[in-house]
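Chains as they are written, first to last, in my numbering: chain Y, 1 to 410; chain A, 1 to 149.
Please keep in mind that the hints were generated in silico from the structure rather than gathered at the bench.
For every residue, glycine included, the Cβ atom is placed at its ideal position computed from N, Cα and C.
A few of these clues could be false.
Beta-carbon label-pair distances, calculated as ranges [stated by the list, open to error]:
#, chain 1, residue 1, chain 2, residue 2, range
1, Y, Gly308, A, Pro45, 39 to 49 Å
2, A, Lys108, Y, Ala275, 34 to 44 Å
3, Y, Gly308, A, Ser49, 48 to 58 Å
4, A, Asp100, Y, Glu148, 51 to 61 Å
5, Y, Ser99, A, Thr66, 36 to 46 Å
6, Y, Ser99, A, Ala134, 22 to 32 Å
7, Y, Asp101, A, Thr66, 23 to 33 Å
8, A, Ala131, Y, Thr78, 37 to 47 Å
9, Y, Asp101, A, Ala99, 24 to 34 Å
Stretches of chain A that chain Y covers, calculated by requiring three or more beta carbons in the stretch to come under 8 Å of a beta carbon on chain Y [what the hints assert, rightly or not]:
#, stretch
10, 55-65
11, 68-82
12, 87-94
13, 114-121
14, 140-147
Under the rule of at most 20 Å between Cα atoms (straight-line distance), these lysine to aspartate or glutamate pairs were calculated in the DMTMM-like manner [stated by the list, open to error]:
#, chain 1, residue 1, chain 2, residue 2
15, Y, Lys286, A, Asp100
16, Y, Lys108, Y, Glu226
17, Y, Lys272, A, Asp121
18, A, Lys108, Y, Asp176
19, A, Lys114, Y, Glu148
20, Y, Lys108, Y, Glu48
21, Y, Lys269, A, Glu105
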Amino acid sequence: MPDTLMTRIDRRRVLQASALGGMAAFATPALAQKLADLGLPGGPSSREITTGFPQKGAMILQRTRPPLLETPMDVFDTGVFTPNDRFYVRWHWAVIPPSVDVDSFRLKVHGAVDRPLSISLADLLRDLPRVEIAAVNQCSGNSRGFFEPRVPGGEWGHGAMGNAKWMGVRLRDVLDKAGVKAGAAQVRFSGMDEPVVPTGPDFKKSLSIDHARDGEVMIAFAMNGEALPLLNGFPLRLVVPGWFSTYWVKMLSDIEVLTQPDDNFWMAKAYKLPANHWANVSPTDKDFPTVPISTMVPRAWITNLADGDAVAATDPNYIRGIAMGGTRGVAKVDISPDHGRHWYPTQLGAEEGKYGFRRWDITARVPHAGRIPLSVRCTNAGGETQPLAQNWNPGGYRRAGVETITVVAA
Amino acid sequence: MKTPSLATLIVIIFGAVIVALLAVGAPNGRPAPQQVATNSLPPEPTSVSGPGLTLASVNVELPDDTATYPDGPHADVINANCTACHSASMALYQPPLSADAWHKEVEKMRETFKAPVAEKDVPAIVAYLTAMSAKTAAAGTAPKPDTAQ
């Protein structure tokens, strides 16, 4: 344990201060409404903190219907696993069944299979081998609110992500039970949510048959040892380690084996990225080739300090955070106090699974008094390192560059 | 017969009240109010178990959102068209966007997501959103949704 703990302003105090400012600006009665400031360039940046959602604690309210709830950054400072009641929430359509009867629930497996199945939860819990994996679930648009120039969409800070120990059964075992026919190309997943407008595109996502059968993709019935909160997909959720959350279909109720590539809206049109390594184009680029979003990239964040916090100018400061490697484990995390001119290695915490978050920390002096930009950079076990400059694309997807906060040393 | 003690009476009366409440049931078939639930152990939700894990049936209430778009020219049009599928905050929290960008968003809602928005209403909706963006750009904060009932 480091013996020098840095002075810091408690994040909650910062939030309360901004709440007071917000209330004055809105000239509303003195409601006990807490606000979070996400620091989004150009605004609007202020969001209500809500405790009004079932099975959820205090969350940043991005949207009530359909629910978009963001995890406050200080939750990530409490450990590498994100508590279920603080895990972020994202739905596309507002028709979400508010109740699930575990006796009558069935998971259907159909399409190009020898034996179409209608599997009960009891079957899944008792009849198939259990697997467990720690994995980060991150929204494709996590950190979209920091894109510059700004892009429309869910205006998330960094909290559209979480790490959990997922427990369930292998998708492969379920597919083998049904018997996938020769000629299968993809496997399509759909949940119990429905479009508000009946003719609107029902949310469905697909994986290649080889990916679906890789033994890692799983059907989870528990996260962090408990049933999933309904808003995180109770009773079943697809878990696709290393891939963005758009594939982790919630309230999974339907698996269809396809013989042709899926051309449904959510695969063919939505969640498309520029077809280059960092998903990076210029805001003026038009008609560039695109591909469906897939794997995550390394990222790192500071969690015990927020933008604008005070640190010690002469004594050592204890700085810590989390990192993720994407499809590989975290190999190293470096910190820079000068926009990347110098990098210093941090100490890594225990690895709790290559797809999960990993803690890093360092006790170090800052180079001078005044404003210090602190940047953190993750390199994964495949040697992939975060670029210093941010990538940009019109969807606001897969932000990859190093994150920087500015602290004030005095 | 021995006079029942005060404690026994309380237990009997309490039990009778619970039985009566259970017999009457909650209004509209909603889950029983909390004070009854904590004292009388309502029927266990159905559950299924496997090694080390039990999944119990879930019945929750998701919060509704009655907030509307704040007053301004064409607020009536946007409130009539753009509160059915999503909260007003979805639009209010967007960064300042140009009229052209807002037009694209409205057309995406109509064409891709099949929002039943009449073509004749599109210019008014785009005008409202563009004016809202100008206010947001000037203030740096989102116009507050109107939560007055």
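Violations among the numbered hints = Hint check: 2, 4, 5, 6, 9, 11, 16, 17, 18, 19, 20 fail, others pass.
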